[in-house]
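Undergrad: These are the residues of each chain, in order.
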Amino acid sequence: MAASASLQSLLEGAFPDATELSVVDRTGGGDHFQVTVASARFAGLTLVDQHRLVYDALARPLADGTIHELRIKTKGTE
Amino acid sequence: MTELSTRIKNLIDDEPVALFMKGTPNLVMCGNSQRALEALRALGAPVTTVDVLPDPQIRQELSALSGWPTIPQVFVGGELVGGADIVQELAESGELRQKLADALGPDYATGEERVVDLLAPAR
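Sequence lines, in order, name chains A and B. Residue numbers for the first sequence follow the numbering used here, beginning at 1 and rising by one. Residue numbers for the second sequence follow the numbering used here, beginning at 1 and rising by one.
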């Protein structure tokens, strides 16, 4: 809940152009998340580099233990 | 570089497929590690696994080397392929099989599994 909203706003800040952006709390426990981001910024990048951009945006909650498990789905916009 | 960091780097460079995971193939301690292992197994990839749980320093040094913050991490031919989501996605699209064949040769699918303890004294 609170954690999902804070991840959502971090991602919105990092991907202001996103055409799709969602954060799902997979277990309801506030620490296992599925994030989905569609952005033109991903165009031409490898999946590794696409996921790195998401990790960069979420560096703080990843480092401080807010995120116990993260699943990422990125989409370039075609 | 610390000695541990050197060991990690050598393992990544030397092993055809390296999987840094939580737990071992016999006792996987995390769903994402399980997904990465299954995707590699389904393709018959030879997998060398390293359990990062015995010492938090393994994970720290690994992430410092790879620039990848989460576990699992999969390397093929010394190159970071990604975490569980990417490995699963590439397996589904057929790109993982291609990557394995490109890096290891067409007869890569030995299905061999090996567990390496990075904390054990040097051989």
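In short, the hints are calculated from the structure, not lab data. For each residue, glycine too, the CB sits at the ideal point set by N, CA and C. Treat the hints with care, since some could be wrong.
Some residues of chain B that are not near chain A, with every Cβ distance over 10 Å (derived) [to be verified]: (1) E3; (2) D14; (3) G23; (4) G44; (5) A84; (6) D117.
Here are the simulated distance ranges between beta carbons [to be verified]: (7) S93(B) x T77(A): 15 to 25 Å; (8) D55(B) x V24(A): 43 to 53 Å; (9) K75(A) x T2(B): 18 to 28 Å; (10) T110(B) x A3(A): 39 to 49 Å; (11) T110(B) x P16(A): 29 to 39 Å; (12) K73(A) x R41(B): 19 to 29 Å; (13) R26(A) x G23(B): 17 to 27 Å; (14) E95(B) x E20(A): 20 to 30 Å; (15) L4(B) x A63(A): 13 to 23 Å; (16) A5(A) x T110(B): 16 to 26 Å.
Undergrad: Confirm or reject each hint.
TA: Comparing the hints with the structure gives:
1. E3: Non-interface label stands for E3(B): nearest chain A Cβ at 25 Å, farther than 10 Å.
2. D14: Nearest chain A Cβ is 21 Å from D14(B), so the label holds.
3. G23: holds (14 Å)
4. G44: Correct as stated: the minimum Cβ-Cβ distance to chain A is 22 Å, above 10 Å.
5. A84: At about 8 Å from chain A, A84(B) fails to clear the 10 Å cut-off, so the statement is violated.
6. D117: Correct as stated: the minimum Cβ-Cβ distance to chain A is 25 Å, above 10 Å.
7. S93(B) x T77(A): 15 to 25 Å: holds (18 Å)
8. D55(B) x V24(A): 43 to 53 Å: Cβ of D55(B) to Cβ of V24(A): about 32 Å, so the range 43 to 53 Å is violated.
9. K75(A) x T2(B): 18 to 28 Å: For T2(B) against K75(A), whose Cβ atoms are near 38 Å apart, the range 18 to 28 Å is violated.
10. T110(B) x A3(A): 39 to 49 Å: Taking Cβ atoms as reference, T110(B) and A3(A) lie about 43 Å apart, which means the hint holds.
11. T110(B) x P16(A): 29 to 39 Å: violated (47 Å)
12. K73(A) x R41(B): 19 to 29 Å: holds (23 Å)
13. R26(A) x G23(B): 17 to 27 Å: holds (20 Å)
14. E95(B) x E20(A): 20 to 30 Å: holds (23 Å)
15. L4(B) x A63(A): 13 to 23 Å: Roughly 20 Å apart at Cβ, these two residues keep to the hinted range, so it holds.
16. A5(A) x T110(B): 16 to 26 Å: About 47 Å separates the Cβ atoms of A5(A) and T110(B), which means 16 to 26 Å is violated.
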